[in-house]
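Novice: Going down the list, the protein sequences come from chains A and B. So that you can map any letter, position 224 of the first sequence is 224 in the numbering used here, and since no number is skipped, the others follow by simple counting. So that you can map any letter, position 84 of the second sequence is 84 in the numbering used here, and since no number is skipped, the others follow by simple counting.
What the hints contain is simulated information worked out from the structure, not anything from laboratory work. Among the hints, erroneous ones may be present.
Any copy, or any two copies together, can satisfy a pair, since identical chains are not distinguished.
[As the list claims (entries may be wrong)] When the alpha-carbon atoms are kept at most 20 Å apart in a straight line, the in silico EDC-like pairs for lysine to aspartate or glutamate are as follows: (1) K159 with E111; (2) K99 with D77; (3) K99 with E4; (4) K76 with E52; (5) K113 with D132; (6) K76 with E41; (7) K99 with D25; (8) K282 with E249; (9) K164 with D221; (10) K99 with E79.
2 protein chains.
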Amino acid sequence: MNKERLQKVLKEMERQNLGQLIISDPISIFYLTGKRIDPGERMLALYLRAGEEPKLFVNELFPVSEDPGLERIFFKDVEDPVELLSRHVREGETLGVDKNWPARFLLRLMELKKGCRFTVSDAVERVRMRKDPAEISSMRESSRINSQAVKKLWELIPKGYTEKKMGRMLLEIYEDLGADGFSFEPIIAYGENAADPHHVPGDFTPKEGDSIVIDIGCVKDSYCSDITRTVFYKKASEEARKVYNIVLEANRRAIEAVKPGARFCDIDEAARSCIERAGYGKYFTHRTGHSIGMEVHELGDVSVANGERLEPGMIFSIEPGIYLPGRLGVRIEDLVVVTDDGCEVLTTCEKDLTIIE
Amino acid sequence: MNKERLQKVLKEMERQNLGQLIISDPISIFYLTGKRIDPGERMLALYLRAGEEPKLFVNELFPVSEDPGLERIFFKDVEDPVELLSRHVREGETLGVDKNWPARFLLRLMELKKGCRFTVSDAVERVRMRKDPAEISSMRESSRINSQAVKKLWELIPKGYTEKKMGRMLLEIYEDLGADGFSFEPIIAYGENAADPHHVPGDFTPKEGDSIVIDIGCVKDSYCSDITRTVFYKKASEEARKVYNIVLEANRRAIEAVKPGARFCDIDEAARSCIERAGYGKYFTHRTGHSIGMEVHELGDVSVANGERLEPGMIFSIEPGIYLPGRLGVRIEDLVVVTDDGCEVLTTCEKDLTIIE
Numbered sequence: 001m002n003k004e005r006l007q008k009v010l011k012e013m014e015r016q017n018l019g020q021l022i023i024s025d026p027i028s029i030f031y032l033t034g035k036r037i038d039p040g041e042r043m044l045a046l047y048l049r050a051g052e053e054p055k056l057f058v059n060e061l062f063p064v065s066e067d068p069g070l071e072r073i074f075f076k077d078v079e080d081p082v083e084l085l086s087r088h089v090r091e092g093e094t095l096g097v098d099k100n101w102p103a104r105f106l107l108r109l110m111e112l113k114k115g116c117r118f119t120v121s122d123a124v125e126r127v128r129m130r131k132d133p134a135e136i137s138s139m140r141e142s143s144r145i146n147s148q149a150v151k152k153l154w155e156l157i158p159k160g161y162t163e164k165k166m167g168r169m170l171l172e173i174y175e176d177l178g179a180d181g182f183s184f185e186p187i188i189a190y191g192e193n194a195a196d197p198h199h200v201p202g203d204f205t206p207k208e209g210d211s212i213v214i215d216i217g218c219v220k221d222s223y224c225s226d227i228t229r230t231v232f233y234k235k236a237s238e239e240a241r242k243v244y245n246i247v248l249e250a251n252r253r254a255i256e257a258v259k260p261g262a263r264f265c266d267i268d269e270a271a272r273s274c275i276e277r278a279g280y281g282k283y284f285t286h287r288t289g290h291s292i293g294m295e296v297h298e299l300g301d302v303s304v305a306n307g308e309r310l311e312p313g314m315i316f317s318i319e320p321g322i323y324l325p326g327r328l329g330v331r332i333e334d335l336v337v338v339t340d341d342g343c344e345v346l347t348t349c350e351k352d353l354t355i356i357e
Numbered sequence: 001m002n003k004e005r006l007q008k009v010l011k012e013m014e015r016q017n018l019g020q021l022i023i024s025d026p027i028s029i030f031y032l033t034g035k036r037i038d039p040g041e042r043m044l045a046l047y048l049r050a051g052e053e054p055k056l057f058v059n060e061l062f063p064v065s066e067d068p069g070l071e072r073i074f075f076k077d078v079e080d081p082v083e084l085l086s087r088h089v090r091e092g093e094t095l096g097v098d099k100n101w102p103a104r105f106l107l108r109l110m111e112l113k114k115g116c117r118f119t120v121s122d123a124v125e126r127v128r129m130r131k132d133p134a135e136i137s138s139m140r141e142s143s144r145i146n147s148q149a150v151k152k153l154w155e156l157i158p159k160g161y162t163e164k165k166m167g168r169m170l171l172e173i174y175e176d177l178g179a180d181g182f183s184f185e186p187i188i189a190y191g192e193n194a195a196d197p198h199h200v201p202g203d204f205t206p207k208e209g210d211s212i213v214i215d216i217g218c219v220k221d222s223y224c225s226d227i228t229r230t231v232f233y234k235k236a237s238e239e240a241r242k243v244y245n246i247v248l249e250a251n252r253r254a255i256e257a258v259k260p261g262a263r264f265c266d267i268d269e270a271a272r273s274c275i276e277r278a279g280y281g282k283y284f285t286h287r288t289g290h291s292i293g294m295e296v297h298e299l300g301d302v303s304v305a306n307g308e309r310l311e312p313g314m315i316f317s318i319e320p321g322i323y324l325p326g327r328l329g330v331r332i333e334d335l336v337v338v339t340d341d342g343c344e345v346l347t348t349c350e351k352d353l354t355i356i357e
């Protein structure tokens, strides 16, 4: 049990007027207990209540080591785990649950606890937004590996492999660099494919003049990285150079705006206004970024809709892009962590306009 | 809209005394509408009610083509999609929802529809259990490719690659054979690793005398395959041969027991009793199989707990195994489809004891 993180969650529950909380997300449970359990279809729940020892409800199939700060409550496949859980839930009080708790558990518990008011709570996600020093260190290492991986992919471009093959090679590159795998399916897009921000790698090979968007991420020691770099194959047109430099400027302006007290929407605005001023506003079709940590997308969008203020320890992506359908796409993405007086860029790979010969 | 499948679901709803149903699983929605939408965090819901045209609630970000049998109701990111959905739900009636519908949608809808009784319904999963001829044909093709892939991996064993590397090679093999990707992360286990039914491939290389368990599956045209074969590297001990032949006999006995009217638990019993009689009962530590289709694990366990009767069109795995910790493991898995008078084995790869030289 990580007591410091637990205290933060209990405090957040208090702020939300929540006396009790059921956490079911295995990643949030790992974050708090250090125990990694993938329950599949089975129920897994961590029950929190101020002043009580946390209780972990887990199928006996999953070995969970003893822990002085945590009560383990095992059940068998033939038992009704929700009924067991319900015996520990305080009747008549509001109960928070994870946003994704499946209906099959929730409806059963509601049937058994008719006197409770049930509500979705993001208490753990809100605590997870502010990374502690150990987490920042893991995020830094994950991004360091990822930055190296991009450059190894650049070296392979002249070999003329398909986008798909590049994706497979990337898995070997990550392994050689000591990463544990992908944090998401890689996007590798040549030429006009680069104009689709969510392109799925296909049987395409690079052609002279292509913009090449590489958007990849690895997991290292449970923490995710995410980078995008755009390079050009053999040559870059006037238009490509112009678009590249606008996106680069937007990326830099947004990074300069990151500091405690700024709002997520201010960061989005810093990037967006830059692209709009250059006349490409309608070609920047997505939010500027997203929070990231043990999951590649966490609570905290860098978007016009998010007025929340930045605090030290928050980590998110800054990834403006311009997409000209049928022609080219450029996106430049870095991860940043908010510091006491600004930010640190975790992504170490250079980002000046690069032509791959 | 697939009208035939829709009629079957409406009939199943009637059997379950369910006047209305919300389907949120993207695979079930694809099954019924032919429209493949991955909504991520956003709400996606297909609302069914006898005598009414089905209504699909979908974010406008996802282009959904027109369809005469389906009403499309689009919403924007700034709207409350659950409120929109609630306007179409009949007040005062029981409403079925998918077992995995997330709490964030369910609790909001319950707040808006206090007069409804909410219940989890498996109506679509139950219809999906009985595959139609087009589905059986796709499942056959997926298993044909998968059977070829296993043999290609056998050819690579003498190269001495690590388990991990074999997993990566498999992705290329599938691609060459025309599959669309993995249906699950491959299990490739050498020697004593084979004694762990859920082994994750690591940096191990094959040694003389190893049992080698290969448990892999691909997706082809939306349908999954799943096969396990166990072979021996260069030689097989007396014990290994004995164990292999017991598992093979259990696999064959279970397949012989498959016919309409038999129960899932009878199939489990046919395999289990065979292994128990040979004195290895306690080393067969899992159920005999699982249903499979567009998902690799579907409703319908082949286990002692499932008394449901088999019907033509049901497809499931038969995968008995014996695991001797620290020594070896053997598992032999085929997919079968129930026919009018028995079954057809979809897996085409041979399964007599094989030594890889």
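Novice: Each hint: holds or not?
Specialist: These are the hints, each one checked on the structure:
no. : hint           : in the structure
1   : K159 with E111 : neither (61 Å within a copy, 58 Å between copies)
2   : K99 with D77   : between (25 Å within a copy, 18 Å between copies)
3   : K99 with E4    : neither (23 Å within a copy, 35 Å between copies)
4   : K76 with E52   : neither (24 Å within a copy, 43 Å between copies)
5   : K113 with D132 : neither (36 Å within a copy, 42 Å between copies)
6   : K76 with E41   : within (13 Å within a copy, 32 Å between copies)
7   : K99 with D25   : both (9 Å within a copy, 16 Å between copies)
8   : K282 with E249 : within (17 Å within a copy, 65 Å between copies)
9   : K164 with D221 : between (26 Å within a copy, 18 Å between copies)
10  : K99 with E79   : between (25 Å within a copy, 18 Å between copies)
Checked against the numbered hints given earlier, this structure breaks hints 1, 3, 4 and 5; the rest are met.
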